[in-house]
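There are 2 protein chains.
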Amino acid sequence: MKDLKDRIRTQGKYLGKGILKVDGFINHQVDPILMKSCGSALASKFSDVAATKILTAEISGIAPALMTAMYLNLPVVYARKHKPVTMPDEVLLTLAPSHTKGRLVELIISPEYLQAGEKALIIDDFLASGQTILGLANLAEAAGADVVGIGTLIEKTFEDGRSALSKLNVPIKSLAPISEMSESNIVFAD
Amino acid sequence: MKDLKDRIRTQGKYLGKGILKVDGFINHQVDPILMKSCGSALASKFSDVAATKILTAEISGIAPALMTAMYLNLPVVYARKHKPVTMPDEVLLTLAPSHTKGRLVELIISPEYLQAGEKALIIDDFLASGQTILGLANLAEAAGADVVGIGTLIEKTFEDGRSALSKLNVPIKSLAPISEMSESNIVFAD
Chain A
1 MKDLKDRIRT
11 QGKYLGKGIL
21 KVDGFINHQV
31 DPILMKSCGS
41 ALASKFSDVA
51 ATKILTAEIS
61 GIAPALMTAM
71 YLNLPVVYAR
81 KHKPVTMPDE
91 VLLTLAPSHT
101 KGRLVELIIS
111 PEYLQAGEKA
121 LIIDDFLASG
131 QTILGLANLA
141 EAAGADVVGI
151 GTLIEKTFED
161 GRSALSKLNV
171 PIKSLAPISE
181 MSESNIVFAD
Chain B
191 MKDLKDRIRT
201 QGKYLGKGIL
211 KVDGFINHQV
221 DPILMKSCGS
231 ALASKFSDVA
241 ATKILTAEIS
251 GIAPALMTAM
261 YLNLPVVYAR
271 KHKPVTMPDE
281 VLLTLAPSHT
291 KGRLVELIIS
301 PEYLQAGEKA
311 LIIDDFLASG
321 QTILGLANLA
331 EAAGADVVGI
341 GTLIEKTFED
351 GRSALSKLNV
361 PIKSLAPISE
371 MSESNIVFAD
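Top line first, the protein sequences correspond to chains A and B. So in this note's numbering, spot 13 of the first sequence is number 13, and the numbers just go up one at a time. So in this note's numbering, spot 47 of the second sequence is number 237, and the numbers just go up one at a time.
Just chain A, same shape as in the assembly (with noise of 0.2 Å):
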């Protein structure tokens, strides 16, 4: 998608060690018009796998989840990382290795918002290693519900997580899938 790699590329700022600084327009100052985009081009990817829930993680793939959801009127739920006072005592939960902190987080989601029978799209901000969604897809599994399909807005593809996620057989779509980053280039695989 055009609008975001042009964003990455005049914007985006690589700080070594796999991490890829976005957090001037998706996750901390967030673009509503740029994300706006991404949640249209994402719903045109997936309008037809008959999905019936969206579902993401907090914090940084509420944005892109919501604007997703916007255009598929489809309700989102993200998945807490901390059980709020407002949760039952029984919740789906799951753990999940997380690369930025570099240590395990969970993965909470309330069964009232996630049922047997539903159908999930995942959607994310960054497809990396792939540990998130699959935490995720795992809830989706608990709760009897079917992953039909894992959107993202960046791809990092030489960290693999589509291998890591082809167990799940459904499609993987990313809106701007980067193969290589240095400090002075970052290259798009498509």
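Be a bit skeptical, because a hint or two may be false.
To be verified - Using 35 Å as the maximum straight-line C-alpha spacing, the simulated DSBU-like pairs for lysine-lysine come out as follows:
| no. | chain 1 | residue 1 | chain 2 | residue 2 |
| --- | --- | --- | --- | --- |
| 1 | B | 226 | B | 271 |
| 2 | B | 211 | A | 17 |
| 3 | B | 226 | B | 291 |
| 4 | B | 357 | A | 119 |
I should point out that these hints are in silico values taken from the structure, not numbers from a laboratory.
Place chain B on chain A using the hints.
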């Protein structure tokens, strides 16, 4: 705002101790169409304050802030509660008491995205005691930015956050002000 009030009436649940559960449509599962209407309504209320940026706090402020920002065509900055690796060493940081967590939480903004002279419109899901919003106002002040308005989806008028925020001397608007809650009844103030 009728749509939001109707949803609170039919799907909101009073859990006691002043806590209203709205996680079926605002802060765990999000209805993007309702949220879009709320964003449109908040944008209308603040169309004349000449804001240059929307300011909110993760996590549940993101959805209403993003939708308001979409209508006003302004960037959103959401204060982080944990400093991510992509943030510079020097940050804007304040502490705010969290009612639902029962402890102080950090609110952190990178000075890259909130600068002197900016006009910040604060948008959040709830106005209760006003402490989170006051924390955001403190961050704006530390950046040399002005707060030009405060808008929320729901207000618990009985917690009197307006008094705590009155020293900011800016318009405060909420779409669903609640004056009284019990297990059997939710009463709106307007």
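Hints, verified against the model:
The hinted pair formed by residue 226 of chain B and residue 271 of chain B meets the criterion: a straight-line CA distance of about 25 Å does not exceed 35 Å. A threshold of 35 Å between alpha carbons decides the hint, and for residue 211 of chain B with residue 17 of chain A the separation of about 41 Å lies outside it, so the pair is violated. For the suggested pair residue 226 of chain B and residue 291 of chain B, the alpha carbons sit about 28 Å apart, so the restraint of at most 35 Å is met. Note on residue 357 of chain B and residue 119 of chain A: the hinted pairing is violated, with a Cα-Cα distance of about 49 Å set against a maximum of 35 Å.
Against the hints set out earlier in the document, violations occur for numbers 2 and 4.
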